[in-house]
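Here are the chains, one letter per residue:
Protein chains: 2
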Amino acid sequence: MDDTADGIARWRKVADEIRAMIGAAGAGAPDRLPVETELAARFGVNRHTVRRAIAALAAEGLLRPERGRGTFVERRPDRIVYPVGARTRFTENISQNARQAAGRLIGSGRESADRHIANQLQLAPGAALVRLESLNVADGVPLSVGTSWFPADRFPRIVAAYAETGSITKALAAHGVADYARRSTRITAERVAHDDAEHLGCASDAIVIVSESANYDADGVPIQFSRSRFLADRVELVFDS
Amino acid sequence: MDDTADGIARWRKVADEIRAMIGAAGAGAPDRLPVETELAARFGVNRHTVRRAIAALAAEGLLRPERGRGTFVERRPDRIVYPVGARTRFTENISQNARQAAGRLIGSGRESADRHIANQLQLAPGAALVRLESLNVADGVPLSVGTSWFPADRFPRIVAAYAETGSITKALAAHGVADYARRSTRITAERVAHDDAEHLGCASDAIVIVSESANYDADGVPIQFSRSRFLADRVELVFDS
DNA sequence: GAATATTTGTACGTATGTATC
DNA sequence: AGATACATACGTACAAATATT
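From first to last, the protein sequence lines stand for chains U and L.
The letter at position 116 of the first sequence is residue 116 when you use UniProt numbering, and the numbering goes up by one with no holes.
The letter at position 67 of the second sequence is residue 67 when you use UniProt numbering, and the numbering goes up by one with no holes.
Simulated from the structure, these hints should not be mistaken for lab results.
Only a predicted model underlies this, so the values are computations on that prediction, with no experimental measurement involved.
Honestly, I wouldn't trust all of these hints.
As the list claims (entries may be wrong) - One-sided and incomplete, this derived list gives chain L residues near chain U with beta-carbon spacing under 8 Å:
| no. | residue |
| --- | --- |
| 1 | 59 |
| 2 | 191 |
| 3 | 237 |
| 4 | 238 |
Backbone N, C-alpha and C fix where the C-beta goes; we use that ideal spot for every residue, glycine too.
Sequences are here, hints too, so could you generate the full structure?
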């Protein structure tokens, strides 16, 4: 299988060599790779073996192959800092780090509560909900997509209000919620869903940080359950404790 | 390239069909895939095309191919809940959710502070540090690996103390630190590093939640900076606010 | 703008290695 | 030991997107 007989696949060695190439120096570091055929010749392997190595490095976010153009070294910009606390509000938070922040409605619907959401919102399973899908953008760069569920009877016009204002806070205010807070936040991470990748304009194998939380009004009544997917490449969450 | 002429690669269609196969039902759902040659015959494509599809689904965590055995459907267990707060301590936290929790020393060393860590520990760049690598296991399942840095002059024997006790808290106590707390936690997510994957016993393309934080003693002096990598498949972090 | 060359993406074929059954 | 099943590797061809002439 590999003629080096040390049990390491060739494509892994090629990947390591490429890693060394691109990680060599900061200033003189190349920003693009030689073409696949030349790499294959240089390493004495088949083009497919080079491609296997490139695919692995691309999955790590180190390379970005573009059909017809070449394979480029990924220089990832610093991540935008997203502070999470009891009073987290997207627009206000992000505008501390970015020049422009906006939320946009990308979908909505009505559905009945499954067990998990019913529990979070302290409703009976099957209760009527409004679902709201939003895309959050800072400085023109999509950062996250979020799905929120609201009790339909209390927030009948939440979708329209959000579509107008681009702000959950304002949409809630239009329903008489002057203040709200979150209590706890569950954090997981996974590969981005297909639909989310399209909205976020990211690679189909990108990683998202998933944040689930509920918001409560001043009386402690749950008013919103949300599940946000943050692009891990572009955002870091900061929790103060 | 594909004879369907709708611009969708064949391997993607095969992936979708396999996804449908395994996601069919809860009870009667298969727990393993037919062998690659049979899938290739069934879908009328080459075995490599099937493999490309399987690789994509494996990257999503849906399949787990095992050499010589077959390709299995991944049924992921519920994640262990890991509460994060000012007084987060691994052993105490996890033992609320698991029967057994333990930390094990997997590496250590001495190094000098780079800019980032020096800043976090309020030291001059180049200051002497002790680095401690640990593997955290609950119920025999590796959950996370962590790297911690301590000022070398204040915690000269921290590695030995941790090796003996398996607890950072106790190792710090041996150096006279009765209490400590964290102030903020930075959360990112990325693909697991190669070395970490070996310790965690996970797939090489698994996702980890990366948590960076500093701990401070009762006088507010930073005593530890740590970078923990939690397997996203096995753990969820919960922050109270 | 059109034709051509370059470069990555997909697909199939074939062979062999390695782990498991 | 033999059969089975996934892993790696090379070869070939063409498609699709981009760059160049």
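* To do: Against the earlier hints, flag every one the structure doesn't satisfy and list their numbers going up.
  => Failing hints: none at all.
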